[in-house]
Amino acid sequence: MHEWALAEAVIEATAGALGGRDPSCLRGVTVLLGELQAIDREIFTFALETLLQERPFRAASYTLQTEPARFRCTTCERDWTLAECTSLEGDAREAIHFLPETAHAFVRCPSCGSPDYRVQAGRGVRIESLTLDRAGSCA
Amino acid sequence: MIDPRPSVVAARLAGIGRIAAFCSAKGGVGKTLCTTLAGLALAARGKNVGILDLDLQGSTAHLFLGVRPGMPREDKGILPLPVTDLESARGGGLVLMGAGVFAGNRALALRGHEVSDAILELLAVTIWGPLDALLLDLPPGIGEEVMDLARLVPRLQAFVVSTPSAASTAVVERLLAFLSEVKVPVAGVIANMTRGDDSSVRDLASRFDARYAGEVPWEPQVEPALGSAARLGQTAAAAAMDAVLKGAGW
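Chains as they are written, first to last, in the numbering used here: chain A, 921 to 1059; chain B, 3 to 252.
Only chain A is shown next, with the shape it has when bound in the complex (with noise of 0.2 Å):
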């Protein structure tokens, strides 16, 4: 569970982003969770629930999007996804689920066999929007 983590790290930042600003006004937080770190969305949900409880924000709605990886090769430049590593088992999956990073210790090119190769997108978990009122007091 330590989607619990990463759940705390977005509710800080989401406060840090909001400054001086009435916590209040803030309507919405658009979340992307890369594909790569397959965060279990249930968990994700619940910590971020239960740690907004003591927030001034806690009104504020959360939109988790999956954002799909994709992969570059730097070699053949091969361009390739998630679902075409069909070879990651058990340990490898856990193991890129705490540190996307260590995609490179088990994920090769399916074209060239590469180890040298770009996480384009979808790697981890990213704020990618805050929606403030623009209404009364807010405006």
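Bear in mind the hints are in silico, worked out from the structure with no lab data behind them.
Cβ atoms here follow ideal geometry from the backbone N, Cα and C, with glycine treated the same way.
Hints should not be assumed to be uniformly reliable.
Each computed SDA-like pair below joins lysine to any residue, with the alpha-carbon atoms no more than 25 Å apart [to be verified]: (1) B/Lys78 <-> A/Glu969; (2) B/Lys248 <-> B/Gly95; (3) B/Lys248 <-> B/Pro156; (4) B/Lys78 <-> A/Leu971; (5) B/Lys248 <-> B/Ser230; (6) B/Lys248 <-> B/Ala227; (7) B/Lys185 <-> B/Ala250; (8) B/Lys185 <-> B/Gly198; (9) B/Lys78 <-> A/Thr986; (10) B/Lys78 <-> A/Gly1033; (11) B/Lys78 <-> B/Pro8; (12) B/Lys78 <-> A/Arg975; (13) B/Lys78 <-> A/Ser1007; (14) B/Lys78 <-> A/Leu952; (15) B/Lys78 <-> A/Glu987.
One-sided excerpt, in silico: chain B residues whose CB lies under 8 Å from chain A [as the list claims (entries may be wrong)]: (16) Met3; (17) Ile4; (18) Asp5; (19) Pro6; (20) Arg7; (21) Ser9; (22) Lys78; (23) Ala105; (24) Arg108; (25) Leu110; (26) Gly114; (27) Glu116; (28) Asp119; (29) Glu123; (30) Ala126.
Put chain B on the given structure of chain A with help from the hints.
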């Protein structure tokens, strides 16, 4: 787009008394040995110590301490692995985290931004709990690891490791200059793998007004002790490191 992870790093490290990076711009000078010996020496004094192996591409701290790679336990984050082969009459403890825990002996080829991402992830999700000290084992160079830690880790100090060789001191000099620029205090400069009298590392520290913490003489009993925390902790090198730490006020 906001990366949420930096916002929790300070909180994750808040329960830790002292934080020090063991670093050197030169490779092969014994940073991991110094880090692990320091962890063992502090644990022998009854301290609770963590080691974060940030030599992501060349992780060996787990090999030195006899910790088998494996998935960590979770408790609202990931928990460092305990060093079980440890003898501390005073009840100290030693725990370890690093990429080697996950990747084991596989090659982990990372580009610069991936190194930074991995460091940030480990700092954000590792739950150290209360510790007397956290020791950070760095790879050689003045790259992402040094810059990211200087930026992210509050109260960071550095133990700078060099051998007496001119090939080492000439390069380590650049690291000392860099640490001064980024305002990371040097807890001590360590002369490692010394053989006989040689003041070159002491002289180096003096040129930068840095504290010379002492030396860890080269010792043949270290190599056969690698892989056993208990045996490594009983070497003369471990005793020398304890004196070095005391020399640095640790």
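Legend entry - Numbered hints the structure breaks, given as an ascending list: 8, 10, 13, 26
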